[in-house]
Amino acid sequence: MDLNNLSKGLNLKDLNLNASLLSILYRQYKEFMLPIVVVVVSIILVVIIVIPQTQAFLQNREELKKEQDKLSILKNNYSLLSGMDEADLNVNLQALSKALPSNKDFIGVINTISYNSVRQDVSIDDFEFQVGEISKNTADELESPFLSLTLNVSGSPQSILKFMAELYKSMPIAQVTNIKTSAGQSTLKLQFYYKSFAKGNISADTIIAPLSKEETELVKTVSSWNDTSQGFSLPIAISSESQASASPSATEISSPF
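Sequential numbering from 1 applies to the sequence shown in the numbering used here.
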């Protein structure tokens with residue numbers, strides 16, 4: 001029992017000593033307690049409230065700027081489109097679509113050959129589409145696929161040269177890649193280009209820009225090309241026996257397309 005009483009006495013003494021120490025520390029640093037509490041509370045408020053609110057404010061301000069930019073783009077696009085002549089746009093679109101069609105334009109190819117051969121007094125002996133080139137699919141979207149055509153023509157060298165020159169100024173876009181001539185006849189290898197329309201990914205932040213000066217001049221140049229969209233008959237040469245039995249209107253063979 002004495003030992004228990006002794007331990008209890010010691011514990012009480014320790015408690016009294018600790019209490020006295022705390023009392024001394026409190027009296028000594030009492031003027032610093034309130035600022036310390038204020039600082040701790042302020043730090044807690046900053047971490048819990050101020051920082052999240054600041055982040056949310058900055059995020060909202062960024063979103064607001066994006067929406068304002070979209071609105072500005074929409075206003076500019078609307079102003080640009082409102083000032084355009086829809087009739088002129090349709091005319092230009094039709095001209096460009098004829099010059100570079102969106103698919104294999106067999107009829108356009110036949111028409112442009114017919115039109116220019118008649119104008120330049122060139123006879124078409126025969127022609128042949130290269131099936132391998134027709135079905136060719138290019139992997140590069142920027143490269144235009146083409147129809148490859150072998151054309152046998154008859155006429156004077158001057159007429160054939162003018163015929164080729166007119167092909168370069170006719171729709172659809174054509175290119176002569178090879179020429180072989182012999183005794184008033186020539187074999188031409190031609191390429192007629194086409195290209196499908198690009199998939200449009202137009203969104204609210206897409207800027208619609210007017211045509212540049214170079215692009216406008218290009219549209220004018222293309223629009224001045226020979227429009228061969230009307231149907232023409234190929235002046236295919238026929239034998240003398242056929243000429244004797246055929247009527248005058250039978251000397252022109254209609255396009256099979």
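If you are wondering where the hints come from, they were derived from the structure by calculation, not from laboratory data. We put the CB at the ideal spot given by N, CA and C, even for glycine. A hint or two may mislead.
[As the list claims (entries may be wrong)] Here are the simulated SDA-like pairs of lysine to any residue, each with C-alpha atoms no more than 25 Å apart in a straight line:
no., residue 1, residue 2
1, K195, T216
2, K195, S223
3, K220, G83
4, K220, K189
5, K220, L89
6, K70, V47
7, K195, F129
8, K162, L151
9, K169, L100
10, K195, K213
11, K169, N103
12, K162, P210
13, K189, D205
14, K189, I107
15, K162, D205
16, K213, L64
17, K66, K195
18, K162, I208
19, K169, T187
20, K195, G83
21, K195, I208
22, K189, K213
23, K169, D205
[Unchecked claim] Beta-carbon label-pair distances, calculated as ranges:
no., residue 1, residue 2, range
24, L22, L58, 37 to 47 Å
25, I51, D205, 24 to 34 Å
26, F197, I48, 19 to 29 Å
27, S223, Q175, 17 to 27 Å
28, V50, L93, 49 to 59 Å
29, F129, L80, 25 to 35 Å
30, L81, Y168, 45 to 55 Å
31, R61, S223, 45 to 55 Å
32, V39, A19, 44 to 54 Å
33, S196, R61, 35 to 45 Å
Consistency of the hints with the structure:
no.: 1; hint: K195 to T216; verdict: 20 Å, holds
no.: 2; hint: K195 to S223; verdict: 18 Å, holds
no.: 3; hint: K220 to G83; verdict: 19 Å, holds
no.: 4; hint: K220 to K189; verdict: 28 Å, violated
no.: 5; hint: K220 to L89; verdict: 12 Å, holds
no.: 6; hint: K70 to V47; verdict: 34 Å, violated
no.: 7; hint: K195 to F129; verdict: 18 Å, holds
no.: 8; hint: K162 to L151; verdict: 15 Å, holds
no.: 9; hint: K169 to L100; verdict: 13 Å, holds
no.: 10; hint: K195 to K213; verdict: 23 Å, holds
no.: 11; hint: K169 to N103; verdict: 20 Å, holds
no.: 12; hint: K162 to P210; verdict: 36 Å, violated
no.: 13; hint: K189 to D205; verdict: 46 Å, violated
no.: 14; hint: K189 to I107; verdict: 18 Å, holds
no.: 15; hint: K162 to D205; verdict: 49 Å, violated
no.: 16; hint: K213 to L64; verdict: 35 Å, violated
no.: 17; hint: K66 to K195; verdict: 35 Å, violated
no.: 18; hint: K162 to I208; verdict: 41 Å, violated
no.: 19; hint: K169 to T187; verdict: 20 Å, holds
no.: 20; hint: K195 to G83; verdict: 29 Å, violated
no.: 21; hint: K195 to I208; verdict: 22 Å, holds
no.: 22; hint: K189 to K213; verdict: 34 Å, violated
no.: 23; hint: K169 to D205; verdict: 38 Å, violated
no.: 24; hint: L22 to L58: 37 to 47 Å; verdict: 45 Å, holds
no.: 25; hint: I51 to D205: 24 to 34 Å; verdict: 31 Å, holds
no.: 26; hint: F197 to I48: 19 to 29 Å; verdict: 56 Å, violated
no.: 27; hint: S223 to Q175: 17 to 27 Å; verdict: 20 Å, holds
no.: 28; hint: V50 to L93: 49 to 59 Å; verdict: 57 Å, holds
no.: 29; hint: F129 to L80: 25 to 35 Å; verdict: 42 Å, violated
no.: 30; hint: L81 to Y168: 45 to 55 Å; verdict: 34 Å, violated
no.: 31; hint: R61 to S223: 45 to 55 Å; verdict: 49 Å, holds
no.: 32; hint: V39 to A19: 44 to 54 Å; verdict: 26 Å, violated
no.: 33; hint: S196 to R61: 35 to 45 Å; verdict: 43 Å, holds
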